[in-house]
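With the sequences and hints as input, model every part of the structure.
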Amino acid sequence: MRGSSDEGRIALLSLAFGLLATVLVLVVVSASAVHLQRTRLYAVADAAAADAADALDERSYYAQGVPGGTALLTDASVRGSVEEYVADHAGVAGVVVGAGTGTPDGQRADVELVVVTAPPFTAFVPARFARVRITARSSARAELR
1 MRGSSDEGRI ALLSLAFGLL ATVLVLVVVS ASAVHLQRTR LYAVADAAAA DAADALDERS
61 YYAQGVPGGT ALLTDASVRG SVEEYVADHA GVAGVVVGAG TGTPDGQRAD VELVVVTAPP
121 FTAFVPARFA RVRITARSSA RAELR
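When you line the sequence shown up against the numbering used here, it's residues 1 to 145, in that order.
It should be emphasised that the hints constitute simulated quantities derived from the structure, not laboratory data.
No residue lacks a Cβ here, since even glycine has one placed at the ideal position from N, Cα and C.
Accuracy of the hints is not assured; some may be wrong.
Simulated restraints on C-beta separations [unchecked claim]: (1) Asp75 - Thr135: 11 to 21 Å; (2) Ala76 - Ala123: 41 to 51 Å; (3) Arg59 - Leu24: 50 to 60 Å; (4) Thr135 - Leu26: 23 to 33 Å.
Rendered as structure tokens:
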């Protein structure tokens, strides 16, 4: 008696299912890696903003002659503090201090950090999708007591 007409189809379906499962695992792992990178970048941005809010620009502060004056921070003091913090403490490779880093009013430190990352397993996707740009923004208020 000859074999049934569906002989070999189970192997083909099993191969297709295994390939689909592998692709789904790779996508989930890559998405998780990007999410973890984003979470780390936000943590660095929050800490850098808090550090920058403490970076009193002594020159402009003492030039006002009034304790508790309005301009506690300058764009240069905030940017310098953030660059120093990122260089010393960044747990994310390739972090760049963005253009939005500075102070709008002399009392709030705004921080923008940017990183371009390549998710794992990007060898299998077109180059256009192989890079992900992550931007994290944070701010902290400087208060002198």
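Now for the hints, and whether the structure bears them out:
| no. | hint | verdict |
| --- | --- | --- |
| 1 | Asp75 - Thr135: 11 to 21 Å | holds, 19 Å |
| 2 | Ala76 - Ala123: 41 to 51 Å | holds, 42 Å |
| 3 | Arg59 - Leu24: 50 to 60 Å | holds, 57 Å |
| 4 | Thr135 - Leu26: 23 to 33 Å | holds, 25 Å |
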